[in-house]
Structure formats: C-alpha cells, structure tokens
Amino acid sequence: MDFIRNFPLFTIVLSLFSGVLCYLLKGKTARRYTILYECVLVVLTGCVLYYTITTGEPFTYTMGEFPAPWGNEIRAGVLEAMLALVFLIVMLCSILSGFRFVDADLDESKVNLYYTLVNLMTAALMSIVWTNDLFTGYVFLEILTLTSCGILIVREIGRTTLAAVRYMILNLLGSGLFLLGVVLLYDLTGHLLMVPMQHTVAELAADPAVMPILSISTGILTIGLAIKSGLFPFHYWMPDTYGWATPTSASLLSSLVSKAYIFLLIKTYYRAIGIDVVMRMPLRNILLVLGMIGIVAGSVQAIHADNINKMIAYSSAAQVGYIYMGIGLGGTAGYTAAIFHIITHAVTKSVLFMTTPRLAEVSGDSLKFKTLQGSALRNRDAGFYFLLGALSMIGIPIFAGFSSKIQFGLAAVEAHSGVRLILVMTVLALSSMLNAIYFIRTLIRIYSDPEQKLRREDIRRHHRLGYNLPMGLLCGINVYLGLFSPAVLELIHRGLEMFG
Amino acid sequence: MTLNEFRHKCAAWMQGDVDVMEHILDGSEQPDLSREERKELEKEQRERRSLSQYSRPLVRAQQKGFYFLYTITAITCCVALIGVLLFTVANLPRYGEENPRTVEVVERYVEKGLEETGAVNIVSGMILDYRAFDTLGESHVLFTALICVMILLGKDRKNMRREYEDFYMVSQDTYFEISKDPIIRCVGMVILSGIFLFGIYILLNGQISPGGGFSGGAVMGAALILFASAFGFEKVDRFFTGKLLKIISFVSLAFYSFAKGYVFFTGANGLENHIPKGIPGAILSGGLILPLDIAVGMVVACTMYGFYSLFRRGSIGKGVIR
Numbered sequence: 001m002d003f004i005r006n007f008p009l010f011t012i013v014l015s016l017f018s019g020v021l022c023y024l025l026k027g028k029t030a031r032r033y034t035i036l037y038e039c040v041l042v043v044l045t046g047c048v049l050y051y052t053i054t055t056g057e058p059f060t061y062t063m064g065e066f067p068a069p070w071g072n073e074i075r076a077g078v079l080e081a082m083l084a085l086v087f088l089i090v091m092l093c094s095i096l097s098g099f100r101f102v103d104a105d106l107d108e109s110k111v112n113l114y115y116t117l118v119n120l121m122t123a124a125l126m127s128i129v130w131t132n133d134l135f136t137g138y139v140f141l142e143i144l145t146l147t148s149c150g151i152l153i154v155r156e157i158g159r160t161t162l163a164a165v166r167y168m169i170l171n172l173l174g175s176g177l178f179l180l181g182v183v184l185l186y187d188l189t190g191h192l193l194m195v196p197m198q199h200t201v202a203e204l205a206a207d208p209a210v211m212p213i214l215s216i217s218t219g220i221l222t223i224g225l226a227i228k229s230g231l232f233p234f235h236y237w238m239p240d241t242y243g244w245a246t247p248t249s250a251s252l253l254s255s256l257v258s259k260a261y262i263f264l265l266i267k268t269y270y271r272a273i274g275i276d277v278v279m280r281m282p283l284r285n286i287l288l289v290l291g292m293i294g295i296v297a298g299s300v301q302a303i304h305a306d307n308i309n310k311m312i313a314y315s316s317a318a319q320v321g322y323i324y325m326g327i328g329l330g331g332t333a334g335y336t337a338a339i340f341h342i343i344t345h346a347v348t349k350s351v352l353f354m355t356t357p358r359l360a361e362v363s364g365d366s367l368k369f370k371t372l373q374g375s376a377l378r379n380r381d382a383g384f385y386f387l388l389g390a391l392s393m394i395g396i397p398i399f400a401g402f403s404s405k406i407q408f409g410l411a412a413v414e415a416h417s418g419v420r421l422i423l424v425m426t427v428l429a430l431s432s433m434l435n436a437i438y439f440i441r442t443l444i445r446i447y448s449d450p451e452q453k454l455r456r457e458d459i460r461r462h463h464r465l466g467y468n469l470p471m472g473l474l475c476g477i478n479v480y481l482g483l484f485s486p487a488v489l490e491l492i493h494r495g496l497e498m499f500g
Numbered sequence: 001m002t003l004n005e006f007r008h009k010c011a012a013w014m015q016g017d018v019d020v021m022e023h024i025l026d027g028s029e030q031p032d033l034s035r036e037e038r039k040e041l042e043k044e045q046r047e048r049r050s051l052s053q054y055s056r057p058l059v060r061a062q063q064k065g066f067y068f069l070y071t072i073t074a075i076t077c078c079v080a081l082i083g084v085l086l087f088t089v090a091n092l093p094r095y096g097e098e099n100p101r102t103v104e105v106v107e108r109y110v111e112k113g114l115e116e117t118g119a120v121n122i123v124s125g126m127i128l129d130y131r132a133f134d135t136l137g138e139s140h141v142l143f144t145a146l147i148c149v150m151i152l153l154g155k156d157r158k159n160m161r162r163e164y165e166d167f168y169m170v171s172q173d174t175y176f177e178i179s180k181d182p183i184i185r186c187v188g189m190v191i192l193s194g195i196f197l198f199g200i201y202i203l204l205n206g207q208i209s210p211g212g213g214f215s216g217g218a219v220m221g222a223a224l225i226l227f228a229s230a231f232g233f234e235k236v237d238r239f240f241t242g243k244l245l246k247i248i249s250f251v252s253l254a255f256y257s258f259a260k261g262y263v264f265f266t267g268a269n270g271l272e273n274h275i276p277k278g279i280p281g282a283i284l285s286g287g288l289i290l291p292l293d294i295a296v297g298m299v300v301a302c303t304m305y306g307f308y309s310l311f312r313r314g315s316i317g318k319g320v321i322r
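Chains as they are written, first to last, in my numbering: chain A, 1 to 500; chain B, 1 to 322.
In isolation and in its complexed conformation, chain B is listed as follows (with noise of 0.2 Å):
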C-alpha cells in the first residue's frame, strides 16, 4: 500500500466509509437499510463478486486453509480440556471415603436436620430450611424464565399483524388439532384426576416423604397440559385464566419472599419467630416448609403450563390483540 493510498483510506474512514475488514470477524450483517442503501449495496456487491471472479483460487484455498486450522484447534482444545478434566476427575478425593474436613457440614444435616427443622425428609429440611435462601432465588429463576418466554413468543401488535390474524389462526397447530380425539379424552378421563391428586400427595408430603414442591408442582403441571391436549384449550380456560395464573404466580412468590424474609429476618436479629416446627412425621410438620412446598409447587405448575400454552397458541389465557 503506497502512502496515498493509505491517505484515501484514512480519509474515507472519517468519511464513515469503511471498508477495511468487512466485517467477518464480529460476523454482523448488514443493518437496516432504506431502499436507496440497498441497491447501492447490492451494486457494489456484484461489482465485487465479479471482480473476486478472477482470485477464487485464492479464495477457495484460503476458506480450506481456514478450515483446516478451524477443525485442527478445536480438536486440540477438546482433547486437552478432556486431559485436564481427566487428570483432576482421578486426583479428587475418592468417593464415600471418610474425610474430616469435608463432612463437617454434611454431618450436622444428617444428624440434627430432624430436630432442628421439623422435617423427616433431610432434603426438604436443606433446601427450605438450612440454605432457603438460594431456594428463594432457585424459585425466582423459574418465574424469570416464564416471563422471557412470554416476552419471546407472547402475541403482539409488533410479531403480529391484525389483518393477518386468521391466517395466523390456520397456520397455528391448534388450529388443526384433534382435540375431540376419542382415545386421548377416554385415558384423560380415567387417569387426569389420579394425577392431580398425585401431585398434590407430592406436594404436600415433602416433609415427610420423597417430594416436595418442585417435583409435585411438575406432575400437576403435567396435568394441566395433559388436560389442555385432551380436552382442548377452551376447557382449560374456563378454570384457568391467564389472570389467575398472574394472581397465583403473585401471591405464591409474595407469600415466598416475605414468609422467607420474616425468617431471616428474626433469625439474623437473635429474635423468636413463632413458627411452630409440628411434631415430625405428622402432615403440619416442618414450620414453614409445607406452606412454602405449596407456593413453590403452585408457581411450578403455572410456569410449566404457562411455557406450553405459550408455545402452542402465543399466549397464556385467550390470545387477544389489543
């Protein structure tokens, strides 16, 4: 590059023209366009496509040579990362092996989680008693994730069109579904109440028995959808309303944060607070693992429910465009 040139160059670019790199390395597109832009674009495209005619060898030669390093690099990065995490897997402490320094915390769970939660089952007494507080967050994340979801495929004026919207009517899947379908209806039917009640078991025994709130919380969202695939999703809309889900995730986590935060609260300030723990074993048992095993549960299966109703039909109650 001679010295002119390089002045052309350096007075395009305070020109906002550039052109040095193209742009292949941050892998953007070009971005929005007026009609004017794009044909100017679309000129200087072919004019380069035609003069590139005369390198392509070159080209060619330089896309194998890429590809070539692309593949060798990445199965290097793979088997030296393999190596490393092989070598760290075989020099960790062996599993079941009596460590004193590592069982501290393990040890008191295990030995006085009864007595000091209330619950039977040690995990609920951990996760909603000993470390609640990365539970209240764990809880949060589902009902993040929900909301992203709806931000994504909620219908609006802006992804939707309303002249369009019987073709957008056909072009769903629950346009066309059989939700009449005869098999589907009849096992629901029979099967859909026992597993309401299943879960609402799970859910409730978390402090006794194997369960609790995220698990029951699932089943009975898979319920739901159960429902919604059998009877169609008018049925389901008769009970269960984007409104109530909306209140029920609310209260849920409201009741959450603040039964939570009243517990930290008086715990951190040394103060009594008046939760009976229940005798272990019984059904109110556990002081406040069994009214947070239902919150928990509750916004479970409303996110769960929540996640197919938006990806089948784009909303979660009755789909209407303001």
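Here chain A stands alone, though its shape is the one from the complex (with noise of 0.2 Å):
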C-alpha cells in the first residue's frame, strides 16, 4: 500500500495532538506552532489530491484491524481531498491575516486556549470530510459545535456571549435531529458504516410500506443539518453570530463550519442513503423551495442591515440558500454547482470577513455604514481585496461568483423545464441585482470622501506582508476559480462518481 494513503489518518490524530499540545504552551508559541502545523497539512492534502487525480480512484482506509461493517473506515475521493485542501487553506489564510485581530481582542491568557481549539476544529473538519461512517460524523459535528461556540465566546463581550447562547441553543437542536435520524436509519439497516447502509436501504426502498420511514428520518437528518448550516427559517442566528466574533473565528464559522455540514449532507445522501433514493423522496423539492426562499430573504435583509458585517452575515445567508438551491435542484448538475459554491464561498466570504475590521479600524473601530465613510481611502490594501470580494459576490465575471452562478443556471436548464425552470432563473437574476444593490452601495460608501476626511496619519502601513500575502492568495484561487471552472467543475465531476 502506498504510503500516501496514510495521510488522511494523520491529519485527523495530529490535528487532535496539536490541540492538546497548544493547551500547554504559551500564546504566541501556540500561534506560531498552529500556523506551521497548518502549512504541514495543506502539504498532506495536497499529497492526497494529486495522488487520488493520478490514480483515478478512492481508496478507503480501515482504522484499525477490523474490516469494514465492523470497525471504522475513512475514505479519501478526489471530491474529500480537494475539499479538505480548500478549507485548511481558507483556515490558514484566515489565522494569519487574523492573528493580530486575535492578539488584541482577546485576554492574554486565553490566546493559547483559542488556538486549541482552532486545532481541534480542525481536527473535526478533517474527520467530518474524510469520514466514511455516519456516527463517526456525529461525534466529530459534536466537536465542531463545541468549537465553534468557544472560538464565540472567547471574546468576552455581552454580545458575543448572547450570540453564543443562541447558537449553542439552535446548534444542540441540530444535533439532537441529526443523532435521531442517524438512529432511525440505524434501526432500520442495522449498519453506520455508509457503504452497507446504502446497500440495505437499497433492498429497503423496494418496499413501498418502509419508504414513508426513509423519507422520515432522512427528512429528520437533514433539518439537523440544516439548522446548523443556517437555511432560510433557521438562518437568525447569523448576524450576531458572525457580526461580533473576532475576524478569524467570523471568517472559519462562515466559511468552514456550516459548510462543513453541508457536505457532511451531501455525502450522506450520495454514500449513506444513495442518490436515487434521495431523488425518490419529496425532500428535494422543500429544500429547493427553502433554498429559493433564503436567497430572496437573505439578500433583502442585508440592504436592511446598518453594519457591515451583519451585511455580510444575511449575504451568507442567501449563499446558504444557493448551495441548498443546487441540492433541490438534484441530479449531477445541481450538486456539482452546489459543491463548486462551497468551494467559490468559502473563499470569497473569508476576505470579506478579514477586510472589515481593518476598514473599521481605520474609522474608529466602528463597523456602522456612517462611519466607514472613505475607509478604503484610508487603507487602501483592505479596500482594494473589499473590492474584489464584492465583485465576486455579485458576480461579476473573472470571478468565482459569476461561475458558481452560471453553473446553477446551466443545473436548472438541465434538470427542469417549465415552471420550476423559471422560477430558479428568476431567483437567480433578482438575487443578483440585490446583491449588486449592497454591495454596490458599500463600495460607493467606502471609496467616496466627499468631507476629504483623509488625513495622512490615518494610514497604516504596518503588517502589510502578514496581510497581503494570504488575501492576495485567496483572491487568486477567486480568480482561477472564475477563469479556470471547467478544470475545477471536471474534478468535482469526478469526485462525485467516486461518490456513487
């Protein structure tokens, strides 16, 4: 066996160690030591990608002596393994624009705590992505909810605390459901391993008296996972919870967490219940429908919002709705356009998150519209990744944003005619105008000084490489991602055959 199939299993046990270990040192030894242990990763993946591109199929890796029905597995496909490397990356880009952010906004003897948990998250990301069993997922999704409230609270402001209480509150829901339909399936199949799972349910869906049960606790499963991934009705713990974190926990909750949990759905449908299946149930049309809701709610609660990051907040909301759009929309299309929103999002949304406290920065740590008047002005290198971030989101062509959307156009004329068909046009044309309509007007906002506010002093140059460099990377995968789809849409083609 070739030595590279071993390296999903490390990312997982050394992710778990490396939290540990942080909780022992001290915090700016933990920061470094996080940043070169997530370089390492993003090495392992990338040697888990190329390796599953070259030999053009997945392979499953046993953990521990007993073969499949019995022990544990995890699973590495082309689709894993790029995932995987977009989120470390994503991950890495955000603690190092970020860290300053963190170093000043929370308690020095804290810091080394939060970076446990930026690793243990991380370690729970790897094992939700690589997993190939349905229980192994819900111990990690309880980590990472675990996390994701601690990187919440660590700022230690009334509102960050309230913000947690209700995330937790709707997170807890989440799971809860979650854990009863993995149950019910459970009782169903006898089996949590996905693979026999997805061959007993097979057997099962024949039986036109045990379909109405499927549908049930697939149904259960996936509101769980919804709750927790922030669709339409579910969506209200959003703004605060991302408008008052600090930036590198606003950045990794928008962009990994909930995302995580969507691919943790998808995979259950595609490897767990089996896509056909799925396809049988009514489900696919709710979510379609939620889906088309939460853009339109969304992007209307953003021109409402009067502080940036809540904008950006309710603009997650509707990219929620997109990728839950594709899943409604079902077949390959509709999934590939999903998953290429994952990816296209998780980029974009970060910058936007790590560009708002330094344009707010430069305006009296004020994140109201009011004040942000000609921040960009004051610093140009935020205002300028602010710019390309926006485009993107509108979808401007060149960039991502304009791919991810013309692929869910291309999934909608390719499932569906009639109604429906016009319906997720309409959708998508009026979405983009609302997004045109905030994003817009923030530009104008911050690149406009009619009172010449500018004065010199107010620019600041320090940490200008710490910065560049990672948004510069990120705004450059943006940009490949928009010039380049049909390479990235090919991979996930693939990833997705591997899938079934």
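These aren't lab readings, by the way, just hints derived from the structure by calculation.
One should not assume that every hint holds.
[Stated by the list, open to error] Below, in silico cross-link-like pairs of lysine-lysine (DSBU-like), each with a Cα-Cα straight-line distance of 30 Å or less:
{"no.": "1", "chain 1": "B", "residue 1": "Lys158", "chain 2": "A", "residue 2": "Lys28"}
{"no.": "2", "chain 1": "A", "residue 1": "Lys26", "chain 2": "B", "residue 2": "Lys318"}
{"no.": "3", "chain 1": "A", "residue 1": "Lys28", "chain 2": "B", "residue 2": "Lys243"}
{"no.": "4", "chain 1": "B", "residue 1": "Lys64", "chain 2": "B", "residue 2": "Lys155"}
{"no.": "5", "chain 1": "A", "residue 1": "Lys110", "chain 2": "B", "residue 2": "Lys318"}
{"no.": "6", "chain 1": "B", "residue 1": "Lys64", "chain 2": "B", "residue 2": "Lys43"}
{"no.": "7", "chain 1": "A", "residue 1": "Lys26", "chain 2": "B", "residue 2": "Lys112"}
{"no.": "8", "chain 1": "B", "residue 1": "Lys9", "chain 2": "A", "residue 2": "Lys368"}
{"no.": "9", "chain 1": "A", "residue 1": "Lys26", "chain 2": "B", "residue 2": "Lys235"}
{"no.": "10", "chain 1": "B", "residue 1": "Lys9", "chain 2": "A", "residue 2": "Lys370"}
{"no.": "11", "chain 1": "A", "residue 1": "Lys370", "chain 2": "B", "residue 2": "Lys64"}
{"no.": "12", "chain 1": "A", "residue 1": "Lys28", "chain 2": "B", "residue 2": "Lys318"}
{"no.": "13", "chain 1": "A", "residue 1": "Lys368", "chain 2": "B", "residue 2": "Lys43"}
{"no.": "14", "chain 1": "B", "residue 1": "Lys158", "chain 2": "B", "residue 2": "Lys39"}
{"no.": "15", "chain 1": "A", "residue 1": "Lys28", "chain 2": "B", "residue 2": "Lys155"}
{"no.": "16", "chain 1": "B", "residue 1": "Lys9", "chain 2": "B", "residue 2": "Lys43"}
{"no.": "17", "chain 1": "A", "residue 1": "Lys110", "chain 2": "B", "residue 2": "Lys243"}
{"no.": "18", "chain 1": "B", "residue 1": "Lys112", "chain 2": "B", "residue 2": "Lys277"}
{"no.": "19", "chain 1": "B", "residue 1": "Lys235", "chain 2": "A", "residue 2": "Lys28"}
{"no.": "20", "chain 1": "A", "residue 1": "Lys26", "chain 2": "B", "residue 2": "Lys155"}
{"no.": "21", "chain 1": "A", "residue 1": "Lys110", "chain 2": "B", "residue 2": "Lys158"}
{"no.": "22", "chain 1": "B", "residue 1": "Lys246", "chain 2": "B", "residue 2": "Lys158"}
{"no.": "23", "chain 1": "B", "residue 1": "Lys235", "chain 2": "B", "residue 2": "Lys155"}
{"no.": "24", "chain 1": "A", "residue 1": "Lys110", "chain 2": "B", "residue 2": "Lys155"}
{"no.": "25", "chain 1": "B", "residue 1": "Lys318", "chain 2": "B", "residue 2": "Lys158"}
{"no.": "26", "chain 1": "A", "residue 1": "Lys110", "chain 2": "A", "residue 2": "Lys26"}
{"no.": "27", "chain 1": "B", "residue 1": "Lys235", "chain 2": "B", "residue 2": "Lys318"}
{"no.": "28", "chain 1": "B", "residue 1": "Lys235", "chain 2": "A", "residue 2": "Lys368"}
{"no.": "29", "chain 1": "B", "residue 1": "Lys158", "chain 2": "B", "residue 2": "Lys64"}
{"no.": "30", "chain 1": "B", "residue 1": "Lys9", "chain 2": "A", "residue 2": "Lys110"}
{"no.": "31", "chain 1": "B", "residue 1": "Lys318", "chain 2": "B", "residue 2": "Lys155"}
[Unchecked claim] Just some of the chain B residues that point at chain A, by a computed CB distance under 7 Å:
{"no.": "32", "residue": "Thr102"}
{"no.": "33", "residue": "Phe133"}
{"no.": "34", "residue": "Lys243"}
{"no.": "35", "residue": "Phe255"}
{"no.": "36", "residue": "Ser257"}
Idealized CB from N, CA, C, for every residue including glycine.
Hints given; two lone chains; assemble the complex.
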C-alpha cells in the first residue's frame, strides 16, 4: 500500500494532538506552532489530492484491524481531498491575516486556548470530510459545535456571549435531530458505515411500506444539518454570530463550519442513503423552495442592515440558500454546482470577513456604514480586497461568483423545464440584482470621501506583508476559479462519480 | 408612500441611516455606541414613544395578533411533529425481532468479541477496539468542553478588574463556605478513600466487568469534588494543582491519540502491532483496552473536577490574575 494513503489518518490524529499540545504552550508559541502545523497539513492534503487524481480511484482506510461493517473507516476521493485542501488553505489564511485581532480582542492568558480550539476544529473538519461512517460524523460534529461556540465566546463581550447562547441552543437542536435521524436509520438498516447502509437502504426502498419511514428519517437528519448550516427559516443566529466574533472566528464559522455540515449532508445522501433513493423522496422540492426563499430573504435583510458585518452575514445566509437550491435541483449538475459554490463561497467570504475589521480600524473601530465613509481610501489594501470580494459576490465575470451562478443556471436548464426553470432563473436574476444593490452601495460608501476626512496619519502601513500574502492567495484562488472553472468542475464531477 | 418619500428614504439608506425595519427580526440590540450617539438615540426613542401613543391600541392589537398566531403555529408544529414521530415509531421493526439484515454487525460483536479483542466486557471491546475512532473523538469532546468552560468562566483581566479583587473574593460563595463543617468532614474522612478505591477498581476492571474509563473517571472526579467541598480548595491545591491537571490531560490524550494512531496505522497497513492480548479475564488483558481506559478515566476525572473548580472560583488552580 502506498504511504500516501496514511495521510488522511495523520491529518486527524496530529490535529487532535496539536490541540492538546497548544493547551500547554504559551499564547505566542501556540500561534506560531498552529501556523506551521497548518502549512504541514496543506502539504499533506495536497499530496492526497494529487494521489487520488493520478490513480483515478478513491481509497478506503480501515481504522484498526477490523474491516468494513465492524470497524471504523475513512475514505478519500478527489472530492474529499479537494474540499479538505480548500478548507485548510482558508483556515491558514484566516489565522495568518487575523492573529493581530485575536491578540487584541482576547485576554493574554486565553490566546493559547483559542489556538487549542482552532486545532481541535481542524481535526473535526478533517474527520467530517474524510469519514465513511455516519456515527463518526456525529461525534466530530459535536466537537465542531463545541469548538465553534468556544471561538465565539472567547472575545468576552456581552454580545458574543449572547450570540453564543443562541447559536449553541440552535446547534444543539440540530445535533439532536441529526442523531435522531442516524438512530432511526441504524434501527432500519443495522449499519452505521455508509456503504453497507446504502446497500440495505436500496433493498428496503423497494418496499413501498418502508419508504415513508426512510423519508422521515432522512428528513429529520436533513433538518438537523439545515439548522446548523443556517438554511432560510433557521438563519437568524447568523448576523449576531458573525457580526461580533473575532474576525478569524467569523471567517472560520461562515466559510468552513457551516460548509462542513452541508458537505456531510451531501455525503450522507450520496454514500449512506443512495442518491437514487433520495431523488425519489419529496425532500428535494422542500430544499429547493427553502433555498430560493432563503436567497431572496437573506439579500433583502442584507439591504436593511446598518452594519457592514451584519450585511455580510445576511449575505452568507443567501449563499447557503444557493447551495441548498443546488441540492434541491438534484442531478449531478445540481450537486456539482452546490459543491462548486461551497468552494467559491469559502474563498470569498473569508476575504470579506478579514477586510471589514481593517476598514473599521481606520474608522474609529465602528462597523456602522456611517463611520465607514472613505475608509477604503485610508486603508487601500483592505479596500482593494473588499472590492474584489464584493465583485465576486455580485457575480461579475472573471470572478468565481460568476462561474458558480452560471453553473446553477445550467443545472436548472439541464434538470427541469416549465415552472421550476422559470422560478430558479428569476431567483438567480433577482438575487444578483439585490447583491449588486447592497454591495455597490457599500463600495460607493467606502470609496467616497466628500468631506475630505482623509488624513495622512490615518494611513496605517504596518503588517502589510502578513496581510497581503494570505489575502492575495485567496483572491488569486478566486480569480482562478472564475477563469478556469471547467478544470475544477471536471474534478468535482469525477469526485461525485467516485461517490456513487 | 409617494415617490418623493421613497427617494428620500433611498438617500438616507445611501447615507447609512437605516430605519426601514428597525431590526425587529434579527433581535439584536443597538451596538456599542459612544456617549453622544447614545444620547441622540435616547432622544430619538423618546420622540418615537410620544408619537406611538397615538397608535398604541393598534400596536397592542398587532402584538396580540402576533402572539395568537405564534401560539397557534407552535402548537400546530409540535402536534405535527409528534404525529410524524409516532407514525415512524409504529412502523419501525419490532424490538427483539430477528431480522437477518440488521443483526450482521451485532452478531460478530457478541460471538467473536472475546476472541478478537481479548475483553470479557464486550461493551469495552466494542468502544475501544472495534469502533475506537469514535471513542477517540468522544474523549476529545470532553476536553473541548473543559476548554470552553475555561474560556467562559476563567478569571482574567478582561472579566475581572484588579482593584475590585477584594469585592470579587467576597462575592464568591467560597468565601462564606463552611468548609470546617464537622459533619461533612467526618463523613468525608470515612468514605473518601472508599470512593477513590472504588473509582480505581471500576477503571481497572473495564475489560472484565461493566465499567471502564468513562464511569470510573466520573466516580474519581466525584470523589475529588467531595474532597474539595469537605476540606476546602486549599487542601486540594496541595496535591492537585492547575499545572498537574494540564499535564495529566495532555499526557493521557496524547497517549490515547498516538496509541490508537499506531493501531490504526498497523491495522490498515496489514502490519503486526505487537500488542499482546493477554488471557481473557485476567487484569492484564484486552490489549490496549486497559491503558486506554486509564487514560480516558484520568481525562474524565480532571474534566469533572475542572468544571466544579471553574464554576466555584473561576480557575482550576489558585486563581492568580497576571
């Protein structure tokens, strides 16, 4: 067996160990160690991605000496490796460009605890991406829930604590529903590993009497994950959570954590239940409708927001709506679009969340639109990255947002005709327009300075390299995704084929 | 709304003054404002209140309508969910029914568990050998919870000010604690060693009899808590400091990760793992189960005591704010 096949295991076990190690280290050392360690992880997952692309087939890795239906298992294909790589790059860039704010927002004695949580979160993300077992998914989902609450409350101002309480309650509700769904599926099939479960489900689904129960258990599981990732009626925790957390936390929560839940959902559909069975359930129509409402509602609320972070948070809700719309459209094209949008959004949102604190910093530490007037002129770097991110969110060609919106349109054309097609197209057009309204308004605000408030001493120039490097990398990936989307789409397509 | 009004509203929106929904929906309060801004806001609210006096009956009616709708919707949702779940339960396979499809996994655990894991207690064999990866995650869940509580309740310069430290001392319940209470002390002296021993017994016998790391650790943690409440935190701090807790958690979890990582590595690569299974039923049996049980037990005991200490005095060791 090739040695590279061990790398997924290493990413999980070493992350768990690093988490515990950072608990012993001092704050600064913990940060340096974490950054170095994330670089190592990026290399490891890069190797796995290269390996799976060259061999052209996925591999499963037995955790221990007991084979599939009895022992745990992890699995790596093109899709898993690619998502793991994107997640790790985004995480590395968020830590690199945000550690200054972490140092400022946190008490000195708690900085190492922050990096402990970040490392444990990495372990959980990796496990959820690699897992081939529903219950392992649940266990690491719990770690993800706890760590995301932890990196939220660590700022220790009243608002983050309040937001964390709300986030915690909704998240625990989601975990509980997910567990209930897993238990029901286990009761029906007698398996927790995904592949044997899929075989049994395929046998069961032939019986029309069992189909409703299968739909209900899948539905409960889906609602659980939808609450956790913030689909339309459950997205009200988003603005406070993302709006007040430390920038790094906001970026990690919005671009990685909620996406990991969605990826687990897609994985469950494809590998544990079987996509053919899922397509026969009424569930996808509900997801399609909720996704579409979510897109419009999120965008409208973003227009009403008076605070730039809240606006971006509501826009996140809209983007989650896009992803669920892709799942609801179904078919390989729909899922490809959904996964492509997961990557796009992870890369774009993290840039936006890392620029706003810098804009606020030169505007008297206020995130309100009123005070942000002309802030991009005071911090040109941050303004430029915000411009790129905003253009990508609106869906201007050459940026990633454009290609992902095109993919949704193509998926709709391919899979449907009639009312659904018209509805999806209308929502796509409407949401692009709404996106343009609130992002262009923000751009005008931060780039115009009628009262000539710009003063020479406002321009801050320290930490430029440490900020430009990660942001430049993320924006570079963004443009790459926009210009060379066929290559990435081809990879996603192959990954989905390996899934089935 | 006339066109002119709409135009004004749009202009205000461009300026950053947003009033359209007044943020009823997202439930957030006003953000951190400077003093002047707050004064302005209060004035605005006062004006709005005086305006709303005219429309109060309407508002009340709207509120009433909202609550009525809210109650109706909540009840409908609950009833629907109960109905769906009852329907599901009624249609699930009957308990104890022999179903060849669903017993494949369980059969092997029961029939071959002893032979393959070397543990008489099949539950231990299952969670620490067959499905050890899940348990690896589960033991880190506890550790994560401890870290989160530490972040939330740990005393630091941000949530404590040095000039008020005396005040905080008095306001804590440990200050008035009757740690010299003779009844608790006498009973504690008698039963504490017994509880500790019982905890260790459960911990070490995980592979033979019901018990294991999680339950044994919980008993030991409970004993530590009783010790702290009977004799005071000063006595505990003499042998169980924050630093020791750090080191114990680190060593146990690191050992757990690496031992299991080694087993996963050898198992997946088809190598021999050189860990003797021992004679089933003996104390040294079950391969890695015993050391892993000890590691889990240590973490659980530390976490339980850590929670108690953090809730009572805001730190695990002596609370010193640097």
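How the hints compare with the structure:
no. : hint                   : in the structure
1   : B:Lys158 with A:Lys28  : holds (18 Å)
2   : A:Lys26 with B:Lys318  : holds (18 Å)
3   : A:Lys28 with B:Lys243  : holds (19 Å)
4   : B:Lys64 with B:Lys155  : violated (44 Å)
5   : A:Lys110 with B:Lys318 : holds (16 Å)
6   : B:Lys64 with B:Lys43   : holds (28 Å)
7   : A:Lys26 with B:Lys112  : violated (47 Å)
8   : B:Lys9 with A:Lys368   : holds (18 Å)
9   : A:Lys26 with B:Lys235  : holds (28 Å)
10  : B:Lys9 with A:Lys370   : holds (15 Å)
11  : A:Lys370 with B:Lys64  : violated (36 Å)
12  : A:Lys28 with B:Lys318  : holds (23 Å)
13  : A:Lys368 with B:Lys43  : holds (20 Å)
14  : B:Lys158 with B:Lys39  : holds (27 Å)
15  : A:Lys28 with B:Lys155  : holds (20 Å)
16  : B:Lys9 with B:Lys43    : holds (21 Å)
17  : A:Lys110 with B:Lys243 : holds (15 Å)
18  : B:Lys112 with B:Lys277 : holds (14 Å)
19  : B:Lys235 with A:Lys28  : violated (33 Å)
20  : A:Lys26 with B:Lys155  : holds (17 Å)
21  : A:Lys110 with B:Lys158 : holds (10 Å)
22  : B:Lys246 with B:Lys158 : holds (23 Å)
23  : B:Lys235 with B:Lys155 : holds (21 Å)
24  : A:Lys110 with B:Lys155 : holds (10 Å)
25  : B:Lys318 with B:Lys158 : holds (18 Å)
26  : A:Lys110 with A:Lys26  : holds (9 Å)
27  : B:Lys235 with B:Lys318 : holds (11 Å)
28  : B:Lys235 with A:Lys368 : violated (52 Å)
29  : B:Lys158 with B:Lys64  : violated (42 Å)
30  : B:Lys9 with A:Lys110   : violated (45 Å)
31  : B:Lys318 with B:Lys155 : holds (11 Å)
32  : Thr102                 : holds (3 Å)
33  : Phe133                 : holds (4 Å)
34  : Lys243                 : violated (10 Å)
35  : Phe255                 : violated (10 Å)
36  : Ser257                 : holds (5 Å)
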